[in-house]
Amino acid sequence: AQSVAQPEDQVNVAEGNPLTVKCTYSVSGNPYLFWYVQYPNRGLQFLLKYITGDNLVKGSYGFEAEFNKSQTSFHLKKPSALVSDSALYFCAVSDNAGNMLTFGGGTRLMVKP
Amino acid sequence: GAVVSQHPSWVICKSGTSVKIECRSLDFQATTMFWYRQFPKQSLMLMATSNEGSKATYEQGVEKDKFLINHASLTLSTLTVTSAHPEDSSFYICSARDQSAGGQETQYFGPGTRLLVL
Numbered sequence: 245a246q247s248v249a250q251p252e253d254q255v256n257v258a259e260g261n262p263l264t265v266k267c268t269y270s271v272s273g274n275p276y277l278f279w280y281v282q283y284p285n286r287g288l289q290f291l292l293k294y295i296t297g298d299n300l301v302k303g304s305y306g307f308e309a310e311f312n313k314s315q316t317s318f319h320l321k322k323p324s325a326l327v328s329d330s331a332l333y334f335c336a337v338s339d340n341a342g343n344m345l346t347f348g349g350g351t352r353l354m355v356k357p
Numbered sequence: 006g007a008v009v010s011q012h013p014s015w016v017i018c019k020s021g022t023s024v025k026i027e028c029r030s031l032d033f034q035a036t037t038m039f040w041y042r043q044f045p046k047q048s049l050m051l052m053a054t055s056n057e058g059s060k061a062t063y064e065q066g067v068e069k070d071k072f073l074i075n076h077a078s079l080t081l082s083t084l085t086v087t088s089a090h091p092e093d094s095s096f097y098i099c100s101a102r103d104q105s106a107g108g109q110e111t112q113y114f115g116p117g118t119r120l121l122v123l
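Heads up: the sequence lines are chains P and B, in that order. Its first residue numbered 245, the first sequence is counted upward by one per residue in our numbering. Its first residue numbered 6, the second sequence is counted upward by one per residue in our numbering.
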């Protein structure tokens, strides 16, 4: 069985500061890893994914994530946070391109001016 | 990027009625679509996998007779909540997998449908 853990329910950061949203995973085989963002009363927007290749993945809106196989982590990062980044962020994993996604519990990011 | 739409975005209905939610992939074909349910302040829970031209695959604990799924074309899947009750009130989100080369692993999500059963 595959699983995802997002240990922080909420992350608070000041605008302009770097942000990190943590994610660890468990999956048999090679992981397919994703980050999605959800704004209030909206569906999920795809941010970035890791399938293979470089461990540092760059995605939308200046976000990036680093795949660390030894630590089974895929933390989301951004060098300089914006107030508009405030939203709910979900990490997800799959063990195959066509298989179901398993989501973490979500982390609420609050960026304060 | 790939766009998925849902209709309606909001629905309020009386207990006992049936509600149909549509999920469409607007600019790509999707042989597989997924239906999720999200409770307030919680993560997404997969309800079922919808396969074009065949029966949906339901997750454990999801009543297939209550949540009817039809995937009649490569761009449309529907979820019908039959005889809805207040406990069915939730945020329903669909996603579709882009079948194009290099994109099969990414699911694109619709904006969600909020259902309130009175």
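I should point out that these hints are in silico values taken from the structure, not numbers from a laboratory. Even for Gly, the Cβ is constructed at its ideal location relative to N, Cα and C. Treat the hints with care, since some could be wrong.
25 Å max Cα-Cα, derived DSS-like pairs, lysine-lysine [claimed, not checked]:
no. : chain 1 : residue 1 : chain 2 : residue 2
1   : B       : K71       : B       : K25
2   : P       : K321      : B       : K46
3   : B       : K60       : P       : K293
4   : P       : K313      : P       : K302
5   : P       : K356      : B       : K25
6   : P       : K266      : B       : K25
7   : B       : K25       : B       : K60
Coverage of chain P stretches by chain B, computed from C-beta distances (three or more under 8 Å per stretch; other residues unrestricted) [unchecked claim]:
no. : region
8   : 263-277
9   : 289-297
We went through each hint and held it up to the structure:
{"no.": "1", "hint": "B:K71 - B:K25", "result": "holds (12 Å)"}
{"no.": "2", "hint": "P:K321 - B:K46", "result": "holds (22 Å)"}
{"no.": "3", "hint": "B:K60 - P:K293", "result": "violated (29 Å)"}
{"no.": "4", "hint": "P:K313 - P:K302", "result": "holds (17 Å)"}
{"no.": "5", "hint": "P:K356 - B:K25", "result": "violated (40 Å)"}
{"no.": "6", "hint": "P:K266 - B:K25", "result": "violated (37 Å)"}
{"no.": "7", "hint": "B:K25 - B:K60", "result": "holds (17 Å)"}
{"no.": "8", "hint": "263-277", "result": "violated (count 1)"}
{"no.": "9", "hint": "289-297", "result": "holds (count 4)"}
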